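Q: The chain contents come next:
2 protein chains.
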Amino acid sequence: MSILIKDSLIISQDKGRKVKKGDIYIEDDVIAEVSERISTEAEYVLTGKMVMPGLINTHTHLPMTLMRGYGDDLTLEEWLTTRIWPIESKLNEDMIEAGTRLALLEMIATGTTTCNDMYFFEDTIARTCKKMGMRCFAGFSIIDFDTPEMKKEMLLPECEKFIRKWRGDELIKPVVAPHSTYSCSPETLQKASELAEKYGTMLHTHCSETRKEVYDVVERYGARPLEQLERNGMLTEKTMLAHCGWITKEEVRQIARAGACVSHNPVSNMKLATGGFTPLPELFDAGACVTLGTDGAASNNKLDMFETMKFAALIHKHHRWDAQIVTAQQTLDMATVNAASYLGINAGSIEEGKKADLICLDMDMPNLAPMHNPISHAVYAASGFNVSSTIIDGRAVMLEREFPYFDKQKIIEEAEKAKEKLVSNDAKQSTN
Amino acid sequence: MSILIKDSLIISQDKGRKVKKGDIYIEDDVIAEVSERISTEAEYVLTGKMVMPGLINTHTHLPMTLMRGYGDDLTLEEWLTTRIWPIESKLNEDMIEAGTRLALLEMIATGTTTCNDMYFFEDTIARTCKKMGMRCFAGFSIIDFDTPEMKKEMLLPECEKFIRKWRGDELIKPVVAPHSTYSCSPETLQKASELAEKYGTMLHTHCSETRKEVYDVVERYGARPLEQLERNGMLTEKTMLAHCGWITKEEVRQIARAGACVSHNPVSNMKLATGGFTPLPELFDAGACVTLGTDGAASNNKLDMFETMKFAALIHKHHRWDAQIVTAQQTLDMATVNAASYLGINAGSIEEGKKADLICLDMDMPNLAPMHNPISHAVYAASGFNVSSTIIDGRAVMLEREFPYFDKQKIIEEAEKAKEKLVSNDAKQSTN
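Those sequence lines, one after another, are chains E and H. Start counting the first sequence at 748; every next residue gets the next number (my numbering). Start counting the second sequence at 748; every next residue gets the next number (my numbering).
The following block holds chain E by itself, in its conformation from the complex (with noise of 0.2 Å):
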């Protein structure tokens, strides 16, 4: 395929951060040509828009988009308990397909153009996204407790088996995810690092997302959380830490030291309720480095990683009653550059020789006019309806708010019919 971009303001992140005018050129999958004017002939041709990076969104949990709206306002304990885990244990390989073509459907429709991943299932995930198109890190959950897909002495062998399935994939790269420290024993936390060092995958886990947490994992172990993974070969510079919203000033500098990478929640740790916060100006300071993500929908409850940037920009300003604090630029760099980097593709800017991944946005939208400043207005005006295009490997997944690849209302349906027989056995689902 290849694709001409006409006439359109380009927000590079590329090192000078250059906002420019101009041309760009994608050939197969990659960003062949970035200039003031290409006259190449190409398949389609687009014009007169913004582009930008595609959004990189850092964890989450695809198919919960089936939860979406499923038990709001609602303590973190009683969501779980009440509502979450009932209905998670009785999810199927076909659910799981329905809730995760429904979220690939809306990150596509709003500028992702890479998800890191972590759920049950995973592999029927990994095909999905393969299918339709989006770059996924698909972390396969290891936790000791036996899944709606399987045993939990299988966890760790079928993972294995999944990382060797998929390695080598160009767009689906396996990651080995044990849940978190309260969930995993030491060994379990163990093997599943050695499982990653093995065969060179990331790791992808929870740390510090509440204070109970913390509280409950010094009991059991007396160790925090970050602790118990850096004894257990878990803080590597290959794996992503989402939330840490309750580490310590020492945390951070264990974090930047070990070269980990923290996934900020700001929306979901907000709607839970989760109290502390990602120190972002901290982990700035210290030159850890730190990217976003949505987490699941059931706790945000959209995928929109334009609403993430506006919360994760906001939030930190409000905090220290600094409006410098986490510019548009620097929470711009956590969607694209920082995290393209952490993961190791060669994305999260717009240049020659990069991948194609990259997104359009209309510019004749009321919130995007006038213009001033383009990375603020990605940032801070932009919505994820603001997308028209987004190209993923160099395939136009979404064309002119088009999917050419899928049919965007049969997937809402099965949703809606994977959700039906969800709730269809729980009498509480009235009472929300």
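These are calculated hints, taken from the structure and not from any lab test. Errors might be hidden in some of the hints.
You can't tell identical chains apart in this list, so a pair holds if it fits in one copy or across any two.
When the alpha-carbon atoms are kept at most 25 Å apart in a straight line, the in silico SDA-like pairs for lysine to any residue are as follows [claimed, not checked]:
| # | residue 1 | residue 2 |
| --- | --- | --- |
| 1 | 996 | 1022 |
| 2 | 945 | 892 |
| 3 | 1157 | 1111 |
| 4 | 1164 | 1118 |
| 5 | 1164 | 1109 |
Predicted model only: the values in this text are computed from it and were never measured.
Start from chain E and add chain H according to the hints.
A: Coordinates of chain H only, in the frame set by chain E:
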């Protein structure tokens, strides 16, 4: 005009807060019928929508769309002195009209049907709202400085003329809007409140937005802003108090006793890092009326009330470490019935006999599927851009994403031109 909305999911916001399936028939400016099935003919027929009352934005400065993204990540003082005030001094009537038109386009596109504005050149703003079909409480700004429009001595007499011109209008309600206790002397506040009383209009003012404001007013007048308002006749059951981020528990009771209303502006407050925060749970407990506003686009940076609802619900959960605080239903109430009731418009809910101020959201959007709970979706999952039709006073000002009464492209182009003129002599423009 007659409009029939068929097979819809209706978030009625009636007394029982019922959500029901059915049809809605609108004749002229009124919701003539709501029932399971209506077979009347109509000029326009819409089908398969989620229908809800139009959102009410109780604090904004419409023309400030022209400064959207012009100065972010700055302290409030630096933002005002180096960016906003220099540019505001250059505003003229044409620019005001262009900025207002852009604001109205954005609000209509994202589901707002009533706004409570306050700015200079309010007659131009009122005329523009009338022309474009927006229900507007038009706040004529009173301040102890010369404005770009007129000398300060002229403000009160011109405000009176403005009231006499617009009172009785169906769509536009004139409002007396003394800017604040730090920019208006006691005499000015007194005269403004007398003027409002004489004509029975609403009052609109900023109150306790920043800590500095509170200290300054205490130092100058020996009273906190709310007390200063009360002393000068400004704390009435027709007063809209924007912000109230720095009020005490006693002031919460004082507001409730007076029957005044708070306009909570979470996005702007967070972006400008004003610290403190409107104490919603305490205001609810005291029985005070609370509504929501975006503030101007310069400090938001958009005018999407769906986003504002989500920020409002989430920030308070986060503050109090309590996910049960400020529920989806309470949030939707603030943006609909509470505001309508306070402003005295016969709208804010979908019931027979009410004014036809309502919006239709497309249901085939990935972020609104699957459907567990429409109220949750409206507050946590929807985006302004899910709105496909906006009906104000029975007129479809947006119909299936088309604007029958104005030229979207032209409005955007004219706003861009107005912005160019505004910044043309401003050397700072490229340093943002």
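Q: Failing hints, ascending?
A: none
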